[in-house]
Amino acid sequence: MKFHPLRLLQISALLLLGAGFYWPVLSFLTGSNPLHPEESFLQGEFFLDFLSDPWNLRVIAFSLFQAFLSALLSILVGLPGAWLLTHYNFPGQRWFRLLTYLPFILPSILVVLAMVLFFGNNGWINRGLMALLGTEEPPVQFLYSLSGILIAHIFYNFPIAMKIIGDQWERISQQYLQAACSLGVGSTRRFFGITLPLLLPSIGSAFVLIFLLCMNSFAIILVLGGGIRYTTIEVLIYQLARIELDFSAAASLAFLQGGLSLIGMAILLRGRNRRVEQISAIKSCLPEKLRNHSLKAWFALCWIILILIFTLGPLSAIVLDSFRKFENGEWIYTWYWYDKLFTWRENNHFLSALWNSLRIGLGSALISSLCGLGLVSLIAYKKGGQRRFWEVLTLFPLALSTVVFGVAWFHFYQQNLAGTLPLIYVVMAMHALLTCPYWIRVVLPTLESIPQQWHIESKMLGKTSLEYGLRILWPWLRTTFLIAFFFSFSLSLGELNSTMMIADDSVRTLPLEIYGAISGYRFSYASAVAVILLLLSVSTFLAVERSLGHFELYK
Amino acid sequence: MKAKILSIYCLLFFIAGINIIPAAAEELTIYTYDSFNSEWGPGPLVFKRFEEQCDCKLKVVSPGDSGTVLNRVILEKANPQADILLGLNNSELEKSFSYDLWEPYRSSMLAKVPVDLRVDKKYRVTPFDYGFIAFVYDSQKLSNPPNSLQDLLDPKYKRKIVIENPKTSSPGLSMLHWTIAVYGEEGYLDYWKKLQPNLLSVTDGWSAAYGMFTKGEVPLVLSYVTSPAYHLEYEKTERYQAAVFHEGHYRQIEFAGILKGTKRIKLAREFIDFMLSEKFQNAIPLTNWMFPVVQHQALPDSFRIAPQPKSAPELNPARVNQQNSKWLKAWSRAMSE
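So the protein sequences, as listed, match chains A and B. For the first sequence, the positions run 33 to 587 when our numbering is used. For the second sequence, the positions run 4 to 340 when our numbering is used.
Extracted from the complex, chain A is given alone in its bound form (with noise of 0.2 Å):
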């Protein structure tokens, strides 16, 4: 067999996958506990201990009940925008797809913030509502309560939803619609009959994706949640793994979340791998239907609207919070801490941390990218158990919880890397492993709405595989390589846990200036080291985009 560029990338995708998850992982979970050699780690009698108390299942069964429940919700809301942005075109829309992304870079205490100062008791809503009815109480409460997870988790995932199934939905062909409207079926019943089992894959893709997500999810279900009734298993974990330092017990519960993740997997990424056919969608102008009192222009608008003030509200509540200062008892509106970040003083971490995030960033989804293409390779096309196995194993890093990923990461660092490599790629190369299940989450659907038959066409009209890649497989997969970069690269910008074990002062980030800005009471510092950094990854999007047009080779 001749040899394949592409075997190079897998091959080097395993090995990291391989020795920077699984064998730290594998290795501190079945080896002894650092502290009591005797023992080792993982205890039957604390499984048989924990399962035995319906407390805990209890715990458990609403891990499991939100992260469903938020995941369906984020598809829900992701469906319409799907559709919307598959089927319209309308301006500002390229803004409207990367302000939707936003969220996902902020460090969850100041999602909390917004979401506190945008819809709290005291909040915009409210605020507005109070005043306009004239009334007292707060009449919009559903913070503080289950609802408030929720409405936060979709903030922060409906778009990933949006992302995965728009990228489907845009290669269904028209054709089917049109032979079935011909026969005269229904539009619900075209939705149900055709489109829907159509997109199956990529909501499989998104559902499973936003569920692993939520699993891990912490400060949000804590604070917005209300505190005390919901705690889910990763609470549990942090608990064990931060206050009581009980390894042994966190370990064992992570284990435990994983393999439940594990299941969870396997059931949803059941049997899908459907043709989709390739000819894109004709898009219409969404002012133009309005004129023409389109119902379904008007539905689309609406729905434009709703995520409008559900994201930008929000945001711009931190980005007004950024311009705050408190002063002798009343709040001024001041440009004085952006003065702040940007005058060269002493002990001035901001600019190093900006630089080290947006090295980080880039670096990380660089290698994010490489490793997922290999990884991608493997899974595509490929069918049951086989294809299962390729999945799961990219995809479980995402499921183990990040606190005992940080603590199993630094007892392998210090026994095997530490001083051999500079910690700037260690970290890198730890976010990419992070970030590697999303970018093959979102590129995965789109590749495979490639037929194969193309790649076998092209063998044999004598061209390479090279060629193949660059005329077919680049121009189809350019702006789904952009998005996932572009996601890695968020996610590494706003990742905290893990990486805060290892870290030290030479790889400080924009995130822990923020946590440090607020432990020294500086809130509204933290807003704006906040609006810089969704001004950084704004801005590292576009460059990306500018940047990819000139690869465009055979245009």
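Where hints are given, some of them may not hold.
[To be verified] Computed cross-link-like contacts, DSSO-like style, restricted to lysine-lysine with a CA-CA straight-line distance of at most 30 Å: (1) B/LYS269 <-> A/LYS357; (2) A/LYS357 <-> B/LYS218; (3) A/LYS357 <-> B/LYS60; (4) B/LYS62 <-> A/LYS372; (5) B/LYS218 <-> A/LYS372; (6) B/LYS51 <-> A/LYS372; (7) A/LYS372 <-> B/LYS282; (8) B/LYS239 <-> A/LYS372; (9) B/LYS60 <-> A/LYS372.
[As the list claims (entries may be wrong)] Computed, partial: chain B to chain A, Cβ under 8 Å: (10) GLU42; (11) VAL63; (12) GLY67; (13) SER110; (14) LEU203; (15) THR217.
Source of the hints: derived by calculation from the structure; they are not laboratory data. From the three backbone atoms N, C-alpha and C, an ideal C-beta is built for every residue, glycine too.
Dock chain B against the given chain A, drawing on the hints supplied.
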């Protein structure tokens, strides 16, 4: 064109990894929690002062909150990387003793520290600051603040209080211990059950709770008696006040110690002495917002708003270590009924 852009990207990627490696002077490694070493914390100030004094280099590593730092030191026990751990509070103390992490040192400066703050009779750790947890209130919204733990149960505070979760945060855990110290093991769960309707949220950490308070979401938050001093010092306002409770307040003391296996014992001892000197102690009030253990000079003017409350009865650290996980378990079950 393409090749050019590609090579620029490659170049950028490599530059990204380059770090300036400092010349090898004698280097002391200190582990501390992140906010101590943030731009706003005491770290940048006091570490620089020490470097000037000792003619050595400090390597400061701040991998997270104090729980994370202790985690890291415990995991590194076989192969210690740090010389000093700075920033450990009373509820974590006993845990650290059980892992035998410390190289005892009795600083001559310790004589200046009040006796009741010298908790460790074996001199494994040395206190450097202390504070009291307290409920901070917004005087524009509450004219008649609560003055006991019992007062907090009043239905007029329904959904008006935010506290931190004892399972994930250190002030939250101190609050749990506070109620156990005041109401005893028989009574604390009852107290919490009655308190529950008044809690709007129980947050994962201090940051979210205090953020909700300053954004006007609630008029009462669990923080420290010294919190109002920040607002007076930097915002020139006395709007935020700490409520003084007649049961007394639970005290948090922060400690530092020399870690076993250090190769720079002399320098490490010098640092502990420095920590009790005025160069370190005077920086504490306005950067760490705690009380210094040695008062070399009068407290800053803004501290007039921070009351020095009487101490609540304290729990025996050994008992805390033994019972903590039992208490937490009972607490979470009682609160989710």
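Results for each hint:
Distance hint between B/LYS269 and A/LYS357 is unfulfilled; the C-alpha atoms sit about 46 Å from each other, more than 30 Å. A threshold of 30 Å between alpha carbons decides the hint, and for A/LYS357 with B/LYS218 the separation of about 12 Å falls inside it, so the pair holds. For the hint linking A/LYS357 to B/LYS60, the alpha-carbon distance of about 37 Å lies beyond 30 Å, and the restraint is violated. At roughly 26 Å between alpha-carbon atoms, B/LYS62 and A/LYS372 fall within 30 Å of each other, so this suggested pair holds.
For the suggested pair B/LYS218 and A/LYS372, the alpha carbons sit about 22 Å apart, so the restraint of at most 30 Å is met. Note on B/LYS51 and A/LYS372: the hinted pairing holds, with a Cα-Cα distance of about 21 Å set against a maximum of 30 Å. Taken as a hint, the A/LYS372 and B/LYS282 pair is honoured in the structure, with Cα atoms around 26 Å apart against an allowance of 30 Å. Restraint check for B/LYS239 and A/LYS372: satisfied, since their Cα atoms lie roughly 19 Å apart, inside the 30 Å limit.
Using a Cα cut-off of 30 Å, the hinted pair B/LYS60 and A/LYS372 holds, with the two alpha carbons roughly 28 Å apart. A distance limit of 8 Å between C-beta atoms decides the matter here; for B/GLU42 the minimum to chain A is near 5 Å, and the interface restraint holds. Taken as an interface hint, B/VAL63 checks out: its beta carbon lies about 6 Å from the nearest beta carbon of chain A, inside 8 Å. At its closest, the beta carbon of B/GLY67 sits 4 Å from a beta carbon of chain A; the interface hint therefore holds under the 8 Å criterion.
Proximity of B/SER110 to chain A is violated relative to the hint, the smallest CB-CB distance being about 27 Å (cut-off 8 Å). Because the beta carbon of B/LEU203 sits about 6 Å from the nearest beta carbon in chain A, less than 8 Å, this interface hint is met. Because the beta carbon of B/THR217 sits about 6 Å from the nearest beta carbon in chain A, less than 8 Å, this interface hint is met.
Taken one by one, the earlier hints fail for this structure at numbers 1, 3 and 13, listed in ascending order.
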